[in-house]
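Visitor: If you want the building blocks of each chain, they are given just below.
Protein chains: 2
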Amino acid sequence: MDLKKIWDNYETLIDKEVIVNGWIRNHRPQKEFGFIDFTDGTTFKHLQIVYNKDLADFEHITALKNGSAIKACGIIKKSEGKNQDIELVAKDINLLGDCPMDYPLQPKRHTKEFLRSIAYLRPRANLYQAIFRIRSVASMAIHEYFQNNGYVYFHAPIITASDCEGAGEMFQVTTLPLDKVKKIDYKDDFFGKKAGLTVSGQLQAETFAMAFSKVYTFGPTFRAENSNTKVHASEFWMIEPEIAFCDLNELMDIEEEFLKYVVREVLNKCSLELQFLDQFQEPGLIKKLEDLINSHFTRITHEEVISLLKKSDEKWEFPPNYGEDIAKEHEKYLTNYFNGPVFITNWPKDIKAFYMKQNDDGKTVAAVDLIVPNAGELMGGSQREEDYFKLKARMDELKMDEESMYWYLNLRRYGTCVHSGFGMGFERLLIYLTGVDNIRDVIAYPRTPGNCDF
Amino acid sequence: MDLKKIWDNYETLIDKEVIVNGWIRNHRPQKEFGFIDFTDGTTFKHLQIVYNKDLADFEHITALKNGSAIKACGIIKKSEGKNQDIELVAKDINLLGDCPMDYPLQPKRHTKEFLRSIAYLRPRANLYQAIFRIRSVASMAIHEYFQNNGYVYFHAPIITASDCEGAGEMFQVTTLPLDKVKKIDYKDDFFGKKAGLTVSGQLQAETFAMAFSKVYTFGPTFRAENSNTKVHASEFWMIEPEIAFCDLNELMDIEEEFLKYVVREVLNKCSLELQFLDQFQEPGLIKKLEDLINSHFTRITHEEVISLLKKSDEKWEFPPNYGEDIAKEHEKYLTNYFNGPVFITNWPKDIKAFYMKQNDDGKTVAAVDLIVPNAGELMGGSQREEDYFKLKARMDELKMDEESMYWYLNLRRYGTCVHSGFGMGFERLLIYLTGVDNIRDVIAYPRTPGNCDF
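Taken in sequence, the protein lines are chains E and G.
Each residue of the first sequence is one higher than the last, beginning at 1 in this note's numbering.
Each residue of the second sequence is one higher than the last, beginning at 1 in this note's numbering.
Here chain E stands alone, though its shape is the one from the complex (with noise of 0.2 Å):
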């Protein structure tokens, strides 16, 4: 029986016999009698083997070591100790795989770096428990709002030949024979051109948002940067959801409600891991999700935000400016001064992407970012230009292919619609979730400049 199974009815089990297969994670034999911390990994919470010097094979069982694979059958009892409910008290203990003594996760602290190098074992441990199962509920939250509320769930393509920021540096694919061409040319490789690995779906997105008017993407994507942050990865997870009939404002309402959306799911069924990480990584995690819950999200423009940094009286490391984006130091402080979730509305064109509404004064876009306490810049979004003229004039003011990009464009030559949409890096979603602080956490197999492990 599934240890889930087994906490989820256990006042029903009580004095029942149940067998279970799971891992040792910690053993403490003593003379007469000894202790399993015994899991299965269907649920956070372990559960206590117990047995006795009664079983035939006592002597053997005092000498299973941490980390095997094991078969018990024994009684549910009501536990005597403090913390546990319940224990099983085994009648018998079977080994099914045995660990040697230089298993790498003996019970006791390791530093997250040397449980990054044995990525393929950390999800034993508790910490990565806790992290791997959020991110499973997560994601079942984020199919969930969006399927509840009439989405279609759209798979963007991976290699593409088209480069949707425009900025982002791409991984190139090739199945040319790199090791024996004298003079690449791509007419030979698999594709007839040069392929990529893509850095965004939103361009595709929207063109099943003009057929469905509600799609959502949630799909791996890649950016070949070479910085080595905390919060980079090579290959990360995105949320792109596209609304067709949707303005700005529609939107904000749309990021509100899918955020606390999934900030509910995961507190009410990822309350025990929760509870770990609360203690463990970010005293007050569980308190900080429950305020965005019952936050509100203020609305406010960039050129209202630039005002109040610069009527502040704080010092600035980067001084504010109209024009330009804002520093971490100030979006700490907005979420601090307006106590909750930010909206910041129509940025300045020219450091935002080409396909932005662009407003009437000429110098902004009607995009949206949304800062949240303790975690920064959580969701991008915008209306997109629906104008065909507006956005060729913007598109070679940037030099850019429309060639390649026509079909984009024929968007807003049949039956063009306002229309808008967001994108969120689900690994930031984690980091803010789970409380830990590097990218390379919440990412089962991370791959960053130099690692491609596993």
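None of these hints come from the bench; they were simulated from the model.
All clues given are correct.
Where chain E lies over chain G, by a calculated footprint (3+ residues, C-beta under 8 Å):
hint	segment
1	13-26
2	93-100
3	130-140
4	206-219
These numbers come from a predicted model, not from an experiment.
Here a beta-carbon is modelled for each residue, glycine too, at the ideal position from N, C-alpha and C.
Let chain E serve as the given structure and place chain G on it in line with the hints.
Guide: Only chain G this time, still in chain E's reference frame:
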């Protein structure tokens, strides 16, 4: 209001005023009135908008073209027509986005080949409305099945330095400036070594199954095979569950339950789409799917299969042989013979992957392929070799690079256990669910040799 909401509640909406945003699929203006076949893509069912010359801008409205985006305000009325329960009697129709006469997607029959060439517009056509909504609904059903049964969703890495199947042809991923470098040195490449796109997340999923017991992947995988068939794409999505303490028989239980769940969900949630596909793509489609969920899945060994095939009176194009794979014609015979899906188990080890559990006979492995009427092979799974020495011997035999696979082998040293998993190509399932016969029609932007458009 979304069309979906209108159709879900249309009886309560009669004589009420609603506003809709969407597109004109077909416009039939008459002298004194006109009909607009209208949809916003939120449901498969369109809405007829009726207008007459009492409207102030009647002349303008009659000039509205197919493909245009409009906003319509009007009263929901019981329709006098035969096949529709309601229609919208317009009070006001506004053009949001025009559509010129060269719009390629006029309301007439187009070939699928032509529609592939305008893949950015084809989701607006009924056929692709049906297909891509089923794709979305089936995706969600897959997540639901696993999440409801306690599985953890695992995001397998996309970029990888290891090659799961050995044989699979991999795309290479690089940031080397190929046009400039004279001699390739992977030490200079982004990851410091040769990297490619994953062909399967299974091996990494096993590491998570050893921590969470039940996990699944659902993500893109890649094959750089130069094959131009109806069922091969270079980029496709795979589902790969991996279950600890699960043997081959239990795996078959899971496969059957899983497949029936997904098919049932699609039957329940996509009845309009399936009716359309049943009518225009595969007559009998709905019955085929209903038969599947009511059918008994036969279980038979590969050896028994060959004996059965040899005994039959059929004239085989490919004579069946012990120790060899079976052909399409054999699969068809078997699903007919057993009148339903067939699990074929215990395959000759030489035609199967290195990680499969070696049976005691020394000749076969605990693999299982599921073949399904009118679909052929839909899933492939196996019990995994959990014995370190047997696995290592097999890898030696196949001259595999064990050094880079140390972590996979180590799973057999640190608390190994019986475990099993299967893989299902998502697009194979979609071909089965939709009745279309070409993988290019169930992928939004298919990637095949020479084709990486959009």
